[in-house]
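A.B. asks: Given chain A, work out where chain B with the ligands should sit, using these hints.
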Amino acid sequence: MIWIRLAWRNIWRNRLRSAIQFTIIAGSVFLGVVFHNLAMGNYRNMIRQGTRMGSGDVAIYNEKWFRMRRTNFTLTEDDVLPAVRKLNMADRYFLRFYISGYARSTGTGFPVNIVAMQLKKEVKDHPLLRGTHIESERDIIVGEKLARKLKISEGKRLVVMLGMRDGELTGLLFRVRRVIRTGIEEVDCCTAFADLDYVRNNTGYRGHIHEVAILLRRGSPDEAKRKLNELLHPPARAYTWRESMKELASAIAYDYMGLVMFMLFLYIVISVGTVNVLFMSVMDRMREFGMLRAIGMKPGQISRMIFTECLLLGATAGITGLLLALLVNVYLSTHGINIEGLMKLAGQESVSYGGVLIEPVIRSTWEWKGTAGYTIFIVILSILASWFPARWINRKSVAELMRR
Amino acid sequence: MKPIVELVNVSKIFRSGGEEVHALRGIDLKVERGEFTAIAGPSGSGKTTLLNVISGIEKVDGGKVIFDGIPINGMDENALSDLRLHRIGFVFQAYNLIPTLTARENVEFILFLRGVGEKERRERVEKVFRELGIENLLDRFPHQMSGGQQQRVAIARAIVGEPDIVLADEPTANLDSRNSMAIIELMKNLNREKGITFLFSTHDPLIMENARRIVYLRDGEIVKEEWK
Ligand SMILES: Nc1ncnc2c1ncn2[C@@H]1O[C@H](COP(=O)(O)OP(=O)(O)OP(=O)(O)O)[C@@H](O)[C@H]1O
Ligand SMILES: [Mg+2]
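Chains as they are written, first to last, in the numbering used here: chain A, 247 to 650; chain B, 255 to 482.
So that you can see chain A by itself, here it is in the shape it has in the complex:
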């Protein structure tokens, strides 16, 4: 109790210095927690968009297709759907068939990647296609740049030349239902979304698919992957979104690494600052420490005194910073930050990252592990900083301290 009382009063003794130290610690906890949760919210949004646009939380592929992307490495629905139904973790799943072809309109032609999918079902969820009204199996949704190159618009006809399973060539007739502008280059320049059955049945691939994209109702992607792989037979294999959307996963990893580097840099600066403030406060009191040593205090007890001060200040500042951050996080998780203005400034209509479209409003999330991690890390760092001035003081002789 006396240690704490002494520490507490010493903190109040030099208010300016304590206030500086307090602000440094509380501020870094605040920044750490807010940025972490904002980043996590952003990633969660990216993953959500990504899994809905791309391959779901987990996906099933023919492992050869996964590696080589050759159209003939397919799976049949009979191979995989029993496993998906047995999984009982899935919320929804989507079947997809990928094939490349040559799009022709009057006068010009360009290569196109056809994503054949259950359009009527997908338009409810898919971030790029959401809200499209599908009427017929010949409806096709075309990327904006491709449409411009082909000089076609909504309602116009389009023929796509496709290679069939037996090596023959066929031409399928479509009607452009919608032209989409996504900001994702691969989609805008070269992709078209068409009806699954219309495409595969007319190319000799009836009942075949390349991908089952599964959105989970519960459980983790890794758990689902493990269970699916127990149920599936080669060459069918399950992959988590991290594996099937490597770009997105690494974009997130890089982004987070950047944040961590920035934070580390900030913390180094902050630690140096804290140590400096501590040194000043200890140097001011050298005479007092000398007197304490003279009347019989041991070097260890001097350390303990300085340590207790740091602990008290660090803990209160840490808690304050955390509470402030949580308060701000309440706002950021409900209202979010709108980055549309920033995007316009950068001359972009939408932002894509790692092949995924980002919503213009970034909402933070509540990620407790990271929140606790940052808080504890900073508080411990600020407390460990007391080691330097304590050692410095204890290396001086009592007589030397008393002479000050």
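These aren't lab readings, by the way, just hints derived from the structure by calculation.
Be aware that one or more of the hints could be misleading.
Claimed, not checked - In silico DSS-like cross-links for lysine-lysine, where the CA-CA straight-line distance does not exceed 25 Å:
(1) B:Lys-482 to B:Lys-284
(2) B:Lys-313 to A:Lys-642
(3) A:Lys-544 to B:Lys-373
(4) A:Lys-642 to B:Lys-318
(5) A:Lys-544 to B:Lys-313
(6) B:Lys-373 to B:Lys-313
(7) A:Lys-544 to B:Lys-318
(8) B:Lys-284 to B:Lys-442
All figures in this text were calculated on a predicted structure; none of them were measured in a lab.
C.D. replies: Only chain B with the ligands this time, still in chain A's reference frame:
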């Protein structure tokens, strides 16, 4: 009975910037229990150094310092801290008290460091304040007290643990003559009534008068001794 403090041929040399200052030169001194002894001498004669050498605050360059029969020359910092905490009381010229603690807490701190329980601490602290007649100062912070009052609290702290000896380095130097006399009277009474051993330095002849033994220092040497 063996002396509480014994110095045998003690010397201390300060080196600063190539210059050597012989602060103590071959000091031989014995202090017995119950003494009330002054170390007198002009400024720079080595009074502070002598007191610091006795408590191990300053290391010697030659000779032996023996505390109650035990040589302290080779002791490590923790052992010296324990010696000072348990066996020696201190009164300094100034900056005696911890500014963030009240008079009561300052005095209590010694007992706390010794590991005395809370209840006993309170009782002993209040008893000492009562004996010194300064109960009114119990809950004041150092900045709320005059220099004389602070020195009284410092004396309370020095004797609360019933040490074998109290070392006081110019305890009255910062006080006016009336307060100085009051402080020396207080110390004298404690010596007479409770048998506490005092070794104090001073260059004030009026203060010296009160001592029963005066050791005169000059240039680090004992030049004269007087008994009364
Ligand atoms: N750390 C030091 N470095 C160099 N010389 C020192 C040091 N401490 C003391 N001295 C010298 O040692 C001598 C004795 O000093 P000391 O402080 O013991 O004298 P004193 O009798 O207590 O003087 P005062 O009455 O001024 O307090 C002086 O010449 C002083 O300058
Ligand atoms: Mg002196």
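A.B. asks: Next, verify each hint and record whether it holds.
C.D. replies: Going through the hints against the structure:
| no. | hint | in the structure |
| --- | --- | --- |
| 1 | B:Lys-482 to B:Lys-284 | 17 Å, holds |
| 2 | B:Lys-313 to A:Lys-642 | 13 Å, holds |
| 3 | A:Lys-544 to B:Lys-373 | 24 Å, holds |
| 4 | A:Lys-642 to B:Lys-318 | 23 Å, holds |
| 5 | A:Lys-544 to B:Lys-313 | 17 Å, holds |
| 6 | B:Lys-373 to B:Lys-313 | 37 Å, violated |
| 7 | A:Lys-544 to B:Lys-318 | 23 Å, holds |
| 8 | B:Lys-284 to B:Lys-442 | 20 Å, holds |
In this structure, the one hint that does not hold is number 6.
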